[in-house]
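Chemist: Here's the letter readout for the chains.
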Amino acid sequence: MRTLTMTGLATMTGLASVAALSLMAAPAALAETGVTAETIVIGGMGGLTGPSAGLIIPQLNGVQAVFEEANAAGGIHGRKIVYTKQDDECLPSRGVGAVKKLIHEEKPFMIVGGGCSNAAIAQKPEVIEAKIPWVIVASTADSLTEPVNPYIFTTMSAAWMEVYGQLQLALDQGKTRIAVVWQPDAWGKARLDPMKQAFKAKGIEPVSIQEIAVEPTDTTPTVLQLQATKPDAVLLLLFPKAAVPFLRDAYKVGLQPLMVGGSPLGEIDVLAKGVGSPDSVKNLRAVTAAGYGVDDPQVAKWKGIVEKRFGDRFNVLHMYGISAGQFAVEALKQAGPELTREKILQVMSNLTVKTDTYAGPLECKPTDHQCHKALGIFAFQDGRVTGIGVTKPTR
Amino acid sequence: MVTLSNEPSAEPSSPRALKRRNLGRLVGRRPALAVGVLLFAVLPLVANPYQVYVGNLALIYVILAVGLNILLGLAGQLSFANGALFGVGAYATGLLRLDAGLPFWLALPVGTAITVAIGLAVALPALRLRGLYLALATIAFAQFALWTFVHWDSVTHGTAGFVMTPVDFTALGLRTTTGIYYLSLVLAVLLVAAAYGIMRSRIGRALVALRESEVAAESIAVDITRTKITAYTLTAVYAGVAGGLFAGLLNVVVPESFNLFQIVLQFCMVVVGGLGSIAGSAIAAVLLIGMQEGLRGMQDLQEIGLGLLLLGMLLFAPGGLVQALRRWLPGWTEPHSRGEED
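Top to bottom, those sequences are chains S and R. Its first residue numbered 1, the first sequence is counted upward by one per residue in full-length UniProt numbering. Its first residue numbered 1, the second sequence is counted upward by one per residue in full-length UniProt numbering.
Hints are supplied without guarantee of correctness; some may be wrong.
Stated by the list, open to error - Which residues of chain S face chain R? A few of them, derived with a C-beta cut under 7 Å, are: (1) Gly50; (2) Pro125; (3) Asp185; (4) Ala186.
Source of the hints: derived by calculation from the structure; they are not laboratory data. Ideal Cβ positions, reconstructed from N, Cα and C, are used throughout, including at glycine.
So here's chain R without its partners, still in its complex pose:
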């Protein structure tokens, strides 16, 4: 049975339970996330530019994974369009800067709005499709998007992509790399907090109801169409922001950055983190980017490692990292996560 409450229900009474609760307060989700934010905040002060770059990449993937989790983990929509939407966000922001001459500060929100518009176009057929058919339709969209990136030369600059000038943060007294890093951190924190807000809201409960059973959700007056569109819109917002930041981080946008491997990577982050768990997605994003970088030059090991991680999760912690965290850390709760069932 699914727990829809936002906080743990059991009230500890024994000294042992009280001790566990106090430990939980210390090592629970909120303190852990706070420590994570603190570590990311000080990273540019103590790390070299390469390590800062990896941290920045991790923050962008935190946004992506948390956004995908809303659609996949919370709403239960098996959509493979997120890699392509990530690309749309990068292309839209990049092209607005390069060809329309917009400053990054304007190009990022406008690029995100374009991503949302295209995300909604994906949502329309998805309203009538479920499961395998939805998966196939969204894979087709992802391939179509990649084809467009490659072949619509007059707009996308084709296979060679395009290079932009670095984003200027001198008004804030920051170098480009530091500026884009802290912008990513601020947006990641805001969007993770927003995701928790959504989960706790009526929308979040509607998404979970949709995930569990469309028929049952309709019977309790959940508007299925509106809820699905909301889920796709929210995920597109996250993908658009992440794509814009990605373009700002690399200063180059090329089609092969948004191929099928993107989808695999993002799905792994959500599954390893735990379907429906925001904190799990964020932690898994950081872990997987760290693993990818740590195993640079060992692509075979990367693939084997990713496979073993997925297999291990499915066998020993099907609820993902968050399930393991809840088991080991008594104070760790995660509203609406699939792991809450067990």
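The following block holds chain S by itself, in its conformation from the complex:
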């Protein structure tokens, strides 16, 4: 058996002391997950592949554009943001794996992501268990932020907000015979129930509630049924794939009341192209999370950055990501150089930020993490999508 000599003992003690000193010398900030002296790792998840990728990728590109601009300006208190993304295919069954991979392998300081409500609902318990601050970019389900959870904030309008705004717009224009057309999927369902509640709150009944397929080819029978009820306004809970055939068939049969869509119908110029006539959308209004049209001077800077950096055609989806990114950057700045999750949660709970792409400021309170309050109202005028007002829906 080997005996421990004095020299050996001294060497071991020396090594142990060096190791202990090294640990003590590490700055406190390095102890926080995802934060080093040079970087802050921020995670994002969404449907980067699959049928919803066309909707999600621009949103996350918007977030990334903001982070890259912040990095180019010297970073946040000297730290560069590293934005790492995982694909959840917009499916709950894939979403849990995506967020677990993000949390346990990428080890981010916080998350800025989430585009599909069902996937986000499945991811929510994982985020809460890991106690990671999460800024939701575009998932709208009310249950994500109601009741308030200390770790979860949304910079997107909640599902109830848009439908209340749509109904209010119709009522403000003196409409009384209001119909609803919806698509039977998770997104449509998440809006139909609040829409019914909104009608009830106003003490009125819709003259008709019609369902059309998510990707219909012909909606003429529905349009004719709707026409028979003589509506003076139709609220559309539709994505463009359903809205284009509906608007086309409505125009064909001469059904042209006020029509009010939500965020997915914000690109009215694209809808007009799809339908084949600008006249088909002359009575269409869109109540959306975004505050400006894509050609408005207020967003020209971001349009240039996004189109140059990603080669995308700038649209409202980028605007959601840009606002979420700016919210996160401002929160990181206000949390200071000694960055901890606890600090940023405190900051976000009382944060008000005027972003470049929303009509009003994002306002978070400890009792309200649905930070988006002001919705833009858009119409297609003079060949371009134009902002014609702002609404702040309340329940």
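Since the structure of chain S is provided, determine the placement of chain R on it from the hints.
Modeler: Relative to chain S, chain R alone:
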């Protein structure tokens, strides 16, 4: 010709053959499965929660694929209902917990029993249908089930699905993720062992006889109706258990988890593993879940990879992985597998 014996018949006599036999004892099916179980048993001790989740998912798909193999590989029934039955198992277990307030330990077996009852309802028309017609009827059932998940709001909670509280394993001193993992492992081992037991039994031989020829099977006194019902029941048990575990793993149940892609994935596991091979199905389930996770964010590659894998199997190893394993590993035997023919 189909080999119905359960063990290899050739007795090695030359030193070379003896050496191959000894090698076979070392790398054969049983040692390989034992090593697999051991690796899965230690995974939570060495892996991060994401890797444990992927392992758990693989175990659930092992149960599903082995169950489907009984119907498809052993009994030769071209049924596409398994994705829907998987969903029924998940919905039944989840709803029993959420709306009926049953604990998971009770909801899982009751949910499985409900799945079996619905599986038997699928079996009834299947008794009169074969081949393409059976395939069409079961695809219709799968679509009907999906429609029900989406539209029967008052029961299924509709398109948005529902979220449950995590399963509580504190009585066993385990966290939820670890508890559901080891429960999946135990059930996977038991159900794989049960599948081997079924294969070696009179029922297994009847299923294989049914697969090869209904007329010939009847001529040797196999009760076709009873055998088919048995096959559908057994597969529904596996799908029900897997569905219940899936609901326990995700804590959320939504309709899009049980769409047509489920059927494609499960069929790939059985075909890649080898029709009729239990070990093949289990190995293919682990491989395909691993591939799916490894190619996360590359859905195009996932689809191309799955297609290439299937094409490669059909061209170079039509008996599936198990055929290749039997060729390369002399000790690897698989009772009743299609690969035993060649």
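Chemist: It remains to establish, for every hint, whether it holds in the given structure.
Modeler: Hints versus structure:
1. Gly50: holds (6 Å)
2. Pro125: Nearest chain R Cβ about 6 Å off; hint holds.
3. Asp185: Holds, because the Cβ-Cβ distance from Asp185(S) to chain R comes to roughly 6 Å (cut-off 7 Å).
4. Ala186: holds (4 Å)
Checked against the numbered hints listed earlier, the structure breaks none of them; every hint is satisfied.
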